[in-house]
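Visitor: Sequence:
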Amino acid sequence: MTNARSSMDRIDESMREPVGHLIDVVTEATGGGAKSLALFGAIAAGSFDRSRHTARSVLVVERVDLTALQRLAQHGLKLGKSRIAAPLIMTPAYIKSSLDTFPLEMIEIHQNHITVLGEEYFDKLTFDEAHIRLQCERELKTILIGLRQGLLAATGSEKLLGALAQDVGEGLMRTLRGLLWLKGQRDAKPAATVITEVEKIAERELPGIRTALDGNAAHGWPEFERLYRDVEAIGEVADAW
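Each residue of the sequence shown is one higher than the one before, starting from 90 at the first, in my numbering.
Don't read these hints as lab results, they were simulated from the structure. These numbers were taken from a predicted model, which means no experiment stands behind them. Please note that the accuracy of each hint is not assured.
[Said to hold, decoys possible] Straight-line alpha carbon distances no greater than 30 Å define the calculated DSSO-like cross-link-like pairs of lysine-lysine that follow:
#1 Lys185 - Lys248
#2 Lys230 - Lys248
#3 Lys272 - Lys230
#4 Lys289 - Lys272
#5 Lys124 - Lys170
#6 Lys185 - Lys230
#7 Lys278 - Lys289
#8 Lys272 - Lys124
#9 Lys167 - Lys124
#10 Lys230 - Lys167
#11 Lys289 - Lys230
#12 Lys248 - Lys124
#13 Lys272 - Lys248
#14 Lys170 - Lys230
#15 Lys213 - Lys278
#16 Lys167 - Lys213
#17 Lys185 - Lys124
#18 Lys170 - Lys278
#19 Lys248 - Lys170
#20 Lys230 - Lys124
[Said to hold, decoys possible] For each label pair, taking beta carbons as the anchor points, the in silico distance ranges come out as:
#21 Lys167 - Leu223: 22 to 32 Å
#22 Arg141 - Leu166: 18 to 28 Å
#23 Gly309 - Asp98: 21 to 31 Å
#24 Glu151 - Ala174: 16 to 26 Å
#25 Arg293 - Leu155: 23 to 33 Å
#26 Asp98 - Gln238: 13 to 23 Å
#27 Thr116 - Leu155: 29 to 39 Å
#28 Ala252 - Arg139: 18 to 28 Å
#29 Leu223 - Glu321: 16 to 26 Å
#30 Pro181 - Lys289: 35 to 45 Å
No residue lacks a Cβ here, since even glycine has one placed at the ideal position from N, Cα and C.
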């Protein structure tokens, strides 16, 4: 069972009250039936920025009760204003059956999470490298297609190209972490370190990816083109494994 006090101490001080409210809302909405609530992403990695991030979480329940979710949804507006995203809803069976289907998403939670309520479900997950490799290849191909189609849909607008480049950042970082996992690097690392390690594997710099993940950088056609070439190069590396 989770030590709630020590878990809350790991959360950015500005988010402790909103997270406490989330715990209360989840407990009330599920009638005390929540098996676990775990935060993941920036809120768990110590890099949370209220101006850019929302706190993401996973709510584990024994079975999905739509009425309970409806009660939880009634608090969505207030939670959103407090920078709390709607939790992902999973069951223990769903977690187990998703390790081969969504290994990258599960690795993201496994590497960086804080369980603030109930049981620990994500510390001891195990993954098959074949499943990780397949999803990495699929994600990189999907990102490339999305960038091509987005370029056409942008109709020459550099502003739209910039937004598109930033939109792929989260999925791309998840994929890069998966590539490092395949190379035996299983510990959570900051985004900048992840990129540096992937650059070593790819034997090339990745300036487009670095810019896409920098919320303060300029995002126009030159940056978009560099991002596309970087993703293309990483895809070729992944295909060759």
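Visitor: Taking the hints in turn, state whether each one holds.
Guide: Each hint tested on the structure:
1. Lys185 - Lys248: violated, 41 Å
2. Lys230 - Lys248: holds, 24 Å
3. Lys272 - Lys230: holds, 20 Å
4. Lys289 - Lys272: The given pair, whose Cα atoms are some 11 Å apart, holds under the 30 Å limit.
5. Lys124 - Lys170: holds, 26 Å
6. Lys185 - Lys230: OK: Lys185 and Lys230 at ~26 Å, within 30 Å.
7. Lys278 - Lys289: holds, 15 Å
8. Lys272 - Lys124: violated, 34 Å
9. Lys167 - Lys124: holds, 23 Å
10. Lys230 - Lys167: violated, 37 Å
11. Lys289 - Lys230: Distance of about 21 Å is within 30 Å: holds.
12. Lys248 - Lys124: violated, 44 Å
13. Lys272 - Lys248: violated, 36 Å
14. Lys170 - Lys230: violated, 35 Å
15. Lys213 - Lys278: Measuring from Cα to Cα gives roughly 18 Å; hence the hint holds.
16. Lys167 - Lys213: violated, 33 Å
17. Lys185 - Lys124: holds, 15 Å
18. Lys170 - Lys278: OK: Lys170 and Lys278 at ~29 Å, within 30 Å.
19. Lys248 - Lys170: The given pair, whose Cα atoms are some 26 Å apart, holds under the 30 Å limit.
20. Lys230 - Lys124: Violated, because 36 Å separates the two Cα atoms, which is more than 30 Å.
21. Lys167 - Leu223: 22 to 32 Å: violated, 40 Å
22. Arg141 - Leu166: 18 to 28 Å: Distance hint for Arg141, Leu166 holds at roughly 20 Å.
23. Gly309 - Asp98: 21 to 31 Å: Taking Cβ atoms as reference, Gly309 and Asp98 lie about 42 Å apart, which means the hint is violated.
24. Glu151 - Ala174: 16 to 26 Å: holds, 23 Å
25. Arg293 - Leu155: 23 to 33 Å: violated, 49 Å
26. Asp98 - Gln238: 13 to 23 Å: The hinted range 13 to 23 Å is violated for Asp98 and Gln238, with Cβ atoms some 45 Å apart.
27. Thr116 - Leu155: 29 to 39 Å: Taking Cβ atoms as reference, Thr116 and Leu155 lie about 18 Å apart, which means the hint is violated.
28. Ala252 - Arg139: 18 to 28 Å: Once the Cβ atoms are compared, 21 Å apart, the range 18 to 28 Å for Arg139 and Ala252 holds.
29. Leu223 - Glu321: 16 to 26 Å: Since Leu223 and Glu321 have Cβ atoms about 19 Å apart, the given range 16 to 26 Å holds.
30. Pro181 - Lys289: 35 to 45 Å: holds, 37 Å
Figure legend: structure checked against the earlier numbered hints; hints not met, in rising order: 1, 8, 10, 12, 13, 14, 16, 20, 21, 23, 25, 26, 27.
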